[in-house]
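Q: Heads up: the protein sequence lines correspond to chains A and B, in order. Be aware that the first sequence starts at 1469, since it is given in the working numbering, and climbs by one per residue. Be aware that the second sequence starts at 1469, since it is given in the working numbering, and climbs by one per residue.
Bear in mind the hints are in silico, worked out from the structure with no lab data behind them. Please note that a few of the clues may not be correct.
Given that identical chains are not distinguished, each listed pair holds provided it fits within a single copy or across any two copies.
Stated by the list, open to error - Derived PhoX-like pairs: lysine-lysine, alpha-carbon spacing no greater than 20 Å straight-line: (1) Lys1558 <-> Lys1623; (2) Lys1819 <-> Lys1834; (3) Lys1802 <-> Lys1663; (4) Lys2047 <-> Lys1663; (5) Lys1663 <-> Lys1841; (6) Lys1778 <-> Lys1819; (7) Lys1783 <-> Lys2058; (8) Lys1912 <-> Lys1824; (9) Lys2047 <-> Lys1600; (10) Lys1834 <-> Lys1896; (11) Lys1809 <-> Lys1834; (12) Lys1783 <-> Lys1824; (13) Lys1819 <-> Lys1600; (14) Lys1600 <-> Lys1663.
Number of protein chains: 2
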Amino acid sequence: MAEFMTGLKRSCYCGEPRLSDAGKTLTLCGWVQHQRDLGQLIFIDLRDRSGIMQLAFDEDTDREVFQKAFSCRSEFVLAATGTVRERTSKNPDLPTGDIELAVTELRILAKSETPPFAIEENSKVSNETRLKYRYLDLRRPDMQRILTARHRIVKTAHDYFDDNGFLEIETPDLIKSTPEGARDYLVPSRIFGGKFFALPQSPQLYKQLLMVSGFDRYMQVARCFRDEDLRADRQPEFTQIDFEMSFVEQEDVMAIGEGFIKKAYKDLLNMDIPTPLRRMTWQEAMNRFGSDKPDLRFGMELHDVSDCVKNTEFKVFRGALAEGSVRGINLKGKANDLSRKEIDKLGEWVKSYGAKGLAWTRLADKETSSYEKFLAPEEVQAIRTALDAQPGDVLFLVASDENSVVYASLGALRCELARRFDLIDKSKPCLLWITDFPMFEYSKEEGRWMAMHHPFTMPNPEDLDRLESDPGSVRSIAYDMVINGYEAGGGSIRIHDTELQARMLKALGFAQEDAERRFGFLLNALKYGAPPHGGMAWGLERLVMVLLGIDDMRDTVAFPKVSSSADLMSNAPDVVDEKQLRDLSIAVAKE
Amino acid sequence: MAEFMTGLKRSCYCGEPRLSDAGKTLTLCGWVQHQRDLGQLIFIDLRDRSGIMQLAFDEDTDREVFQKAFSCRSEFVLAATGTVRERTSKNPDLPTGDIELAVTELRILAKSETPPFAIEENSKVSNETRLKYRYLDLRRPDMQRILTARHRIVKTAHDYFDDNGFLEIETPDLIKSTPEGARDYLVPSRIFGGKFFALPQSPQLYKQLLMVSGFDRYMQVARCFRDEDLRADRQPEFTQIDFEMSFVEQEDVMAIGEGFIKKAYKDLLNMDIPTPLRRMTWQEAMNRFGSDKPDLRFGMELHDVSDCVKNTEFKVFRGALAEGSVRGINLKGKANDLSRKEIDKLGEWVKSYGAKGLAWTRLADKETSSYEKFLAPEEVQAIRTALDAQPGDVLFLVASDENSVVYASLGALRCELARRFDLIDKSKPCLLWITDFPMFEYSKEEGRWMAMHHPFTMPNPEDLDRLESDPGSVRSIAYDMVINGYEAGGGSIRIHDTELQARMLKALGFAQEDAERRFGFLLNALKYGAPPHGGMAWGLERLVMVLLGIDDMRDTVAFPKVSSSADLMSNAPDVVDEKQLRDLSIAVAKE
């Protein structure tokens, strides 16, 4: 059986001793990274979360200890006591590379089977195996670094908001189901058979209630749940850094939000982010970058060429103009780096964003174009001028009778080309606010106007008179914080007036009864004196990704789910006992 | 409609200005506590989370502003700009009582209906109404104080553990159902129809996996869920301050635990708790106080009088001795304060703890006793001596062939009498560790030995040879932190050895297959090198109760559930749409 720690006291972490500690007697604990048996000499690299220390066993070592060292294999857990001494052959790549521990006492605290993959940075192993053996995957230095950084960001949040007078108040996880947007996870009630709790998609309603309660400044590192079909950048459970404050306008919320992100960059990366952050309206972001989360670390802006073709004979373009537009981007100087075949593939690719196709002009030595032949020479020239076309450039145009399709297609194409041609300046992060979001967006599926953020978002008072007559033109007091092309956070000023909230729910097509049933407790609360309030939230996983430059959200979570929502390590979800279901008054439905 | 904050900036909180601020122009925001209309004068007490400021309106006030002030009712939300001036009649009970704000500009940010109860400390109102209108209940200064204290304790935990090298790592809320003890809340999976996630009862398995992963020192402020029938001191969702550490023995965990509680008392109450804390074995606590969470702020210890009656003719006592015992307590000097009727009631009451009855002797001017007549004089005398009986005392004895019944009955009686006769010295808190818990307790219901803590608790190595032969005598390396008679926290050293863990599960009656299915991922993890590790957790709600002297756990939670698990404010749980159930492949079972 394994040995115990009885009577042993670890002196410090493996990565901490230095040459100045030579002569000291230390006890170190950790895992065997390598064991090298050189006959009369055995070296063991002992690893813990701080780093590695070389353990040395030689002819002076007690034979029993030597034999134990001989038996050690990778990932055995050891406690070693010995004397720090200078190495004969130093390792300049290791912070502890000048020294080793000449071991006098060794305990094998646990043995290990051969692990399914080597515990080292960038170990080559499939995602499935990593997740199945997550407890081993997490031993790798890169995973340790990421979760340490995640801790640091959360601690910074606790410190920053506490320093600014915010109280962390926990809101419930077992709440009423009020789906609007994503699906709720449901939790059957045992005591009220046939009734259900839901897990919160966000603490939105509760943090508004806390403002009604006079808490004035609230924050929470809050677990949230959305039962959506997962993508690479989604997890069914995720964490928000969430805050809300009373008696404020948009400027006050932004100032608090900027203060946090500035401190996070400083604490984690020792990087100074100049504030106030740049701002851009939603409309400008869409016009110039085709995205409400534009990455400004590179150019390749969108240009509206509708005017250039307003009288064209070319039906594809002309047909777009009444309701939509024709816009383009210019990929500078890459005409010889992008084959006709690759351009055709991009044409297929943009169709997933709703575009009917991609019009292009390649200004290589031999100029080729998919659309210029259909246009008058002055139209061709006008487009080229608008896009600042030079020899060597590639022009891409999208025409659609829906501007949203033009934006989405060109916005995505712009990012894809930048990625492919490495046009992004990664030397410094790019943060900005997007403001003045539309209050509503029209859902063709539902045949009604939906809230772009949520139904509690304050519309811009200047636009209130058009709330019913022209909802599409109403702006909201909502704002997103965009970092390097990702929506890192977002929030809004909320409606604090009962009548305006009722008017908003009506504009969104809620029957009064339905609104009462779902949000009645918030609507009631507003009747008893709600202060003007607003706030925002960051997705913690997204924040870790952006700050550390990680591509896979799963790497930011200790025990993540895969895209089917399953946990490969514990095999969850799983079947449960019939009795558990009976207790809950539910049954699994037959096909 | 309500007015907005547009262009306004709050200067400070209502409770902050002092006489030294006289002459300054300030903007204050808050709720109307009272409006007093004295004809030519109107006073409004404006309340926010910091306190109250008197707003003054007089003949110099702009008429429109005066009219607005006239219209204000309780709980209206105001923003008031004006000049700080010295009051003519001061209020020494109020920190801001020397001054008032002579208002020049007033905005009514929100009106309020008449609230269902007055927003003031100790407002007389039923619990149901408080919880239904929780957003108003939370406006009361006492609730604000409690949630502010809760925030402070949590912040102290984040600071303390970060300072000591612990990383906060979030463990998942959607996990596999492995019920052992309380019922799991289940969450149906949409993608895997017929399978379920469970909500965690604690992060136990995951924090052990993090130790296997080499994180070395983990902490989390973790939401936990138990679907139990609720009592006054239970909530279906609750929060633990949880930590775990590697390469340690019990002493190391206790030292970290003591450091936290010391800091919590200091930060919150400015109170110095001497450490190391007193310790007592489980057996001593049971023998002397009949409880594994003894309140040492008063005496009235239990005494074993079995020896005094070992040869007695009295069957009630003698029958108890083979397997159990006869024990007693002495309520000093209260013989004339406890009527025969009250004693009889206590006799009924202890039956809920399994006792068949309560034997008593009342040493009032006239001595009376329920049992002395059945005993020999020397037996009576021996019992009186053992209990240090003096004139004026009341003696209580419980006899049972199960010691657990004797302990439970007398332990509860001891606390009840202390409460009733106000014997508890509340001037300073009493903290101690209970150690050496039994590893197992026998469940008559299940007909098997159960783990008293959980199946991953390390048995005392000295007792390992009796694991199978005499489980009842095996001690575990588990420890509870008891404060003022409450179990505030607890933990253990865990099993880090694969073989010992397998042996333990076998001793607990788990079939290997069942153990694999439920805890397979932990058992697998132990095969790859688990360090010796241990930790503990505090119940946050309990900690807030104990530190602040609160009786009702619901007062420590912003949005609590009642004992049926329902939320009276939002009316959760509730029925959901059929479509939601169809998506989840479940149906509500018919009766």
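Q: Now tell me, hint by hint, if it's right for this structure.
A: The hints, checked one at a time:
1. Lys1558 <-> Lys1623: Neither: 37 Å inside a chain and 44 Å across chains, both beyond 20 Å.
2. Lys1819 <-> Lys1834: The answer is neither: 27 Å in one copy and 100 Å across copies each exceed 20 Å.
3. Lys1802 <-> Lys1663: neither (61 Å within a copy, 52 Å between copies)
4. Lys2047 <-> Lys1663: both (18 Å within a copy, 14 Å between copies)
5. Lys1663 <-> Lys1841: The answer is neither: 65 Å in one copy and 59 Å across copies each exceed 20 Å.
6. Lys1778 <-> Lys1819: Classified as neither; 24 Å inside a copy, 93 Å across copies.
7. Lys1783 <-> Lys2058: neither (53 Å within a copy, 62 Å between copies)
8. Lys1912 <-> Lys1824: within (18 Å within a copy, 73 Å between copies)
9. Lys2047 <-> Lys1600: Answer is neither; intra-copy 29 Å and inter-copy 33 Å both fail.
10. Lys1834 <-> Lys1896: neither (38 Å within a copy, 91 Å between copies)
11. Lys1809 <-> Lys1834: within (16 Å within a copy, 111 Å between copies)
12. Lys1783 <-> Lys1824: Within one copy only: 13 Å inside, 96 Å across.
13. Lys1819 <-> Lys1600: Classified as neither: same-chain Cα gap 36 Å, cross-chain 52 Å, threshold 20 Å.
14. Lys1600 <-> Lys1663: So Lys1600 and Lys1663 pass the 20 Å test across copies only (19 Å; inside, 35 Å).
Hints 1, 2, 3, 5, 6, 7, 9, 10 and 13, counting from the list given before, are not met by this structure.
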